[in-house]
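J.: If you want the building blocks of each chain, they are given just below.
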Amino acid sequence: MASLATKIKLYCEANSKTVSFGSEGNVHIQDDSNGQGPYIKTWGVSGLDKPTDSQLASYETAGNTEESNNAVRATRKKLYGDIGDQLDEIYKDIDAWKARIKKIKDDNPKE
Amino acid sequence: MAYIGPEPAESFTSFATQEFSTSATTSYTLDHAVANENEIALFVNNVRQQPGSGKAYTATGTALTLSAATASTDTMYCVFLGRALQTVTPATNSITAAMVGNDLISGKDALTSAPASTDELLISDAGTIKRIDAQFFQSTPAFHAFLSADQDSLSDAATVKMQINSETYDSGTVYDNSSNYRFTPGVAGKYFIYGAALISSAASANLREAEVYIYKNGSSIGKSTFNYVDQYSQVATPTISIVDVADDNDYYELYAQLNTQNSGNWKALGDSTQQRTYFGAYKIIGV
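Chains as they are written, first to last, in our numbering: chain B, 1 to 111; chain H, 1 to 287.
Pulled out of the complex, with its shape left as it was, chain B reads as follows (with noise of 0.2 Å):
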């Protein structure tokens, strides 16, 4: 199931807006820890309105998708190491360098 903050952050894409969470956020989720889940605590994002329920349900689908491939995205980002090193392994053999990206991506397919 797509989390909360993945599924207004799908919702303020689709309608050209950025949300923010944290402590400079223009969206705070609040969980009460009273066995009713996360809610909106309070929706900061500028000229949009704050999504109703079965809004945010649509985007169910597509958020999971997109958790899927932020893992993904973790998975390869720490598979290619640190862009010092890539850029040494780049000016040596740029093409070894390609071939072992490619590999990464190729075994750590996205949605």
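Note that these hints are calculated values from the structure, not bench results.
Take the hints with a grain of salt, since some may be wrong.
To be verified - Heads up, simulated PhoX-like pairs for lysine-lysine below, C-alpha to C-alpha not over 20 Å straight-line:
1. B:K78 <-> B:K110
2. B:K110 <-> B:K77
3. B:K77 <-> B:K98
4. B:K17 <-> B:K50
5. H:K216 <-> B:K41
6. H:K223 <-> B:K41
7. B:K41 <-> H:K161
8. B:K78 <-> B:K103
9. B:K41 <-> B:K17
Stated by the list, open to error - A short, non-exhaustive set of chain B residues, derived as facing chain H with CB atoms under 10 Å:
10. S3
11. F21
12. G22
13. H28
14. D32
15. S33
16. R73
17. K77
18. K78
C-beta: ideal position from N, C-alpha, C; glycine also.
Got chain B sorted already, so can you dock chain H onto it with the hints?
T.: Chain H in isolation, oriented as in the chain B frame:
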């Protein structure tokens, strides 16, 4: 009447008396031992008797001996002339420091446990002795608790109440460690409130931002943040300490938040012995 020197304390003095149940006998027992018969005045049928050997009576120790037996219809009582009973109530403000023994406190029984909040102490208030409740010298209400096991499957970017469940102490039963996980001091005052959350994004290079909050009556009044947006991490322990003024029904809670890179869940780490995520507070005294 004028005096040379301080005026002596005045008081009434009374003498010990004893009434006897009379019978046809010459021997009676006194309540108090005397050296001789001259230390008592004996009355039979309200007529004072002459003391001395060969007279109406003699006395020594507690033995009273009459020269002639009484009858059961007689009334008899004596006054102990040498045994004055005197009770003096000191005049207001007349007991000074010099009259008080140094063992005034140490000579009394020791309280063997922490004093109750309503126990009282003596204090000099700008030179005037007053009594004060012990609570003004106690940093209570107070509590400390920690998370005994992981609080898991927490949503990305959600600010989640920490279910701090294992109490180290809870003076005054002010922390709810099983339902609402909140500190309700119940006593107005200034409080030092602290907390920490060891939170994990469950994967390396996945933690974007970690935060811990103290909520008061449902709204944040304090926040501590670690931001890793340019260099993602995995685990962080934001800590927070604040001072707040509470009334008698305010309540406080500890919340935490973690933003993940992969939009996945996060968790707050707990342990039964090693304190990783904790929450506490105590009343500040003297302010």
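J.: Look at each hint and say if it fits the structure.
T.: Results of checking the hints against the structure:
| no. | hint | in the structure |
| --- | --- | --- |
| 1 | B:K78 <-> B:K110 | holds, 15 Å |
| 2 | B:K110 <-> B:K77 | holds, 13 Å |
| 3 | B:K77 <-> B:K98 | holds, 15 Å |
| 4 | B:K17 <-> B:K50 | holds, 12 Å |
| 5 | H:K216 <-> B:K41 | holds, 15 Å |
| 6 | H:K223 <-> B:K41 | holds, 16 Å |
| 7 | B:K41 <-> H:K161 | holds, 13 Å |
| 8 | B:K78 <-> B:K103 | holds, 14 Å |
| 9 | B:K41 <-> B:K17 | holds, 19 Å |
| 10 | S3 | holds, 5 Å |
| 11 | F21 | holds, 4 Å |
| 12 | G22 | holds, 4 Å |
| 13 | H28 | holds, 7 Å |
| 14 | D32 | holds, 5 Å |
| 15 | S33 | holds, 4 Å |
| 16 | R73 | holds, 7 Å |
| 17 | K77 | holds, 6 Å |
| 18 | K78 | holds, 6 Å |
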